[in-house]
Amino acid sequence: MRTGPFLREGVCLRFDIRGKICYNRLSLYRRDVSIDLRSAFFKGTAHGIPIALGYFSVSFGFGILAVRAGLSVGEAAAISVTNLTSAGQAAGVDVIASGGTLLEMALVQLTINLRYALMGLSLTQKLDDSFTLPHRFLASYGITDEIFAVCSAQKDKLTPPYMYGMILIATLGWVLGTVLGAAAGRLLPESISDAMGIVLYGMFLAIIIPPSRKSRSVLFAVAAAALLSILMRYVFTAVSGGFAIILCAVIAAAAAAWLFPVKEEGAA
Amino acid sequence: MSVAVYIAVMALVTYLIRVVPMTCLRRPIRSRFLRSFLYYIPYAVLSAMTIPAIFYSTGSLLTACAGTAVALVLAFFDLPLIVVALAASLAAYLMHFLV
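Protein sequences appear in the order of chains E and B. Residue numbering for the first sequence follows my numbering, starting at 1 and increasing by one per position. Residue numbering for the second sequence follows my numbering, starting at 1 and increasing by one per position.
Warning: the hint list may mix true and false statements.
Unchecked claim - Examples of chain B residues toward chain E, derived with CB under 7 Å:
{"no.": "1", "residue": "SER2"}
{"no.": "2", "residue": "ILE17"}
{"no.": "3", "residue": "LEU61"}
Unchecked claim - Listed next, the stretches of chain B that the computed footprint assigns to chain E, with coverage defined by at least 3 CB atoms under 8 Å from CB atoms of chain E:
{"no.": "4", "stretch": "10 to 16"}
{"no.": "5", "stretch": "35 to 41"}
{"no.": "6", "stretch": "46 to 58"}
{"no.": "7", "stretch": "63 to 69"}
{"no.": "8", "stretch": "73 to 81"}
{"no.": "9", "stretch": "84 to 95"}
Stated by the list, open to error - Some chain E residues well away from chain B (every beta-carbon gap over 12 Å; in silico):
{"no.": "10", "residue": "ASP36"}
{"no.": "11", "residue": "HIS47"}
{"no.": "12", "residue": "ARG68"}
{"no.": "13", "residue": "THR82"}
{"no.": "14", "residue": "GLN109"}
{"no.": "15", "residue": "ARG115"}
{"no.": "16", "residue": "SER130"}
{"no.": "17", "residue": "ARG136"}
{"no.": "18", "residue": "LEU138"}
{"no.": "19", "residue": "LEU172"}
{"no.": "20", "residue": "LEU180"}
{"no.": "21", "residue": "ALA183"}
{"no.": "22", "residue": "PRO210"}
{"no.": "23", "residue": "LYS214"}
{"no.": "24", "residue": "ALA238"}
{"no.": "25", "residue": "LYS263"}
For the record, the hints were derived by calculation from the structure and aren't laboratory data. Source: prediction; values computed, not measured. The C-beta atom is built at its ideal place from N, Cα and C for all residues, glycine as well.
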């Protein structure tokens, strides 16, 4: 650093005499911190690259799904920018396509995305002191399954620039994939766009199958929800798609919670 | 109803879910039932969303079944999300030519 050790000593001296943080010390620290912030941002970006690549291919599928449901490329992109969530967006498009009510839309989003509340709760325990209220408001935007998973796996406390770096690149991948999927969905041959329709569901299976294999209680929740969902689809057809998902998920999760309460604190 | 209104409601609800715990609650939930419920919710939601909808996702029951079968097997062996998702799509695509 250009200032060298001299200023450091001087600053330390003044700090010792006064017994509190003086201006010079603060300015020196600001320089250090700005370097730390930049490297933290790039570290977050680097950790976010695999997430962004994954998001790109999944949101490509979402883009196709959205256009097939009758939305425009711009609308699909707007949904991806403002929501940044796969399952919620796919269900939201269903509600729009079927002309559901706004209440249904709100309840569908609430049920499907409720897990983010739990993740947010868990993340608050890992936030650095520099995570002031405005930073919390900003970083909340980027709580997704994958970002939560990577952030939780960090040993250090989470800083705002680290999370911003990760959220930025992940969002970029998510929105870019959506736009290209929505735009190409019309250009692609039908056989390919038909086949792409399964991408998101394939990812959902990849999320629920491995834990179902390891845990009987998760398997119970998954199987119960699937059975109820089939019942809703073919027997109780009066219940609309969005509400059917809510009912199935809430009943299955409540039954699982009642039969198999989780032991560990924050086991999510 | 305008699509923009739907999108605004979607975005607002989703953001509120994320922002409220991050800004307001500083301690973990105590209720064991509620914690368990929140733990199982994502799995239950994804399962209800996937089944039976996955069978109608490709416009043909047969290609969808091929994709689902491949996804189930690969997911069972814990392959990465993207691999499972794209392989399911590829299987559905290939099945299209066999039908």
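Structure-based check of each hint:
no.: 1; hint: SER2; result: 10 Å, violated
no.: 2; hint: ILE17; result: 5 Å, holds
no.: 3; hint: LEU61; result: 12 Å, violated
no.: 4; hint: 10 to 16; result: holds (count 5)
no.: 5; hint: 35 to 41; result: holds (count 7)
no.: 6; hint: 46 to 58; result: holds (count 11)
no.: 7; hint: 63 to 69; result: holds (count 4)
no.: 8; hint: 73 to 81; result: holds (count 7)
no.: 9; hint: 84 to 95; result: holds (count 9)
no.: 10; hint: ASP36; result: 23 Å, holds
no.: 11; hint: HIS47; result: 16 Å, holds
no.: 12; hint: ARG68; result: 9 Å, violated
no.: 13; hint: THR82; result: 4 Å, violated
no.: 14; hint: GLN109; result: 4 Å, violated
no.: 15; hint: ARG115; result: 4 Å, violated
no.: 16; hint: SER130; result: 15 Å, holds
no.: 17; hint: ARG136; result: 5 Å, violated
no.: 18; hint: LEU138; result: 9 Å, violated
no.: 19; hint: LEU172; result: 17 Å, holds
no.: 20; hint: LEU180; result: 15 Å, holds
no.: 21; hint: ALA183; result: 17 Å, holds
no.: 22; hint: PRO210; result: 5 Å, violated
no.: 23; hint: LYS214; result: 9 Å, violated
no.: 24; hint: ALA238; result: 17 Å, holds
no.: 25; hint: LYS263; result: 9 Å, violated
Checked against the numbered hints given earlier, the structure breaks hints 1, 3, 12, 13, 14, 15, 17, 18, 22, 23 and 25 and satisfies all the rest.
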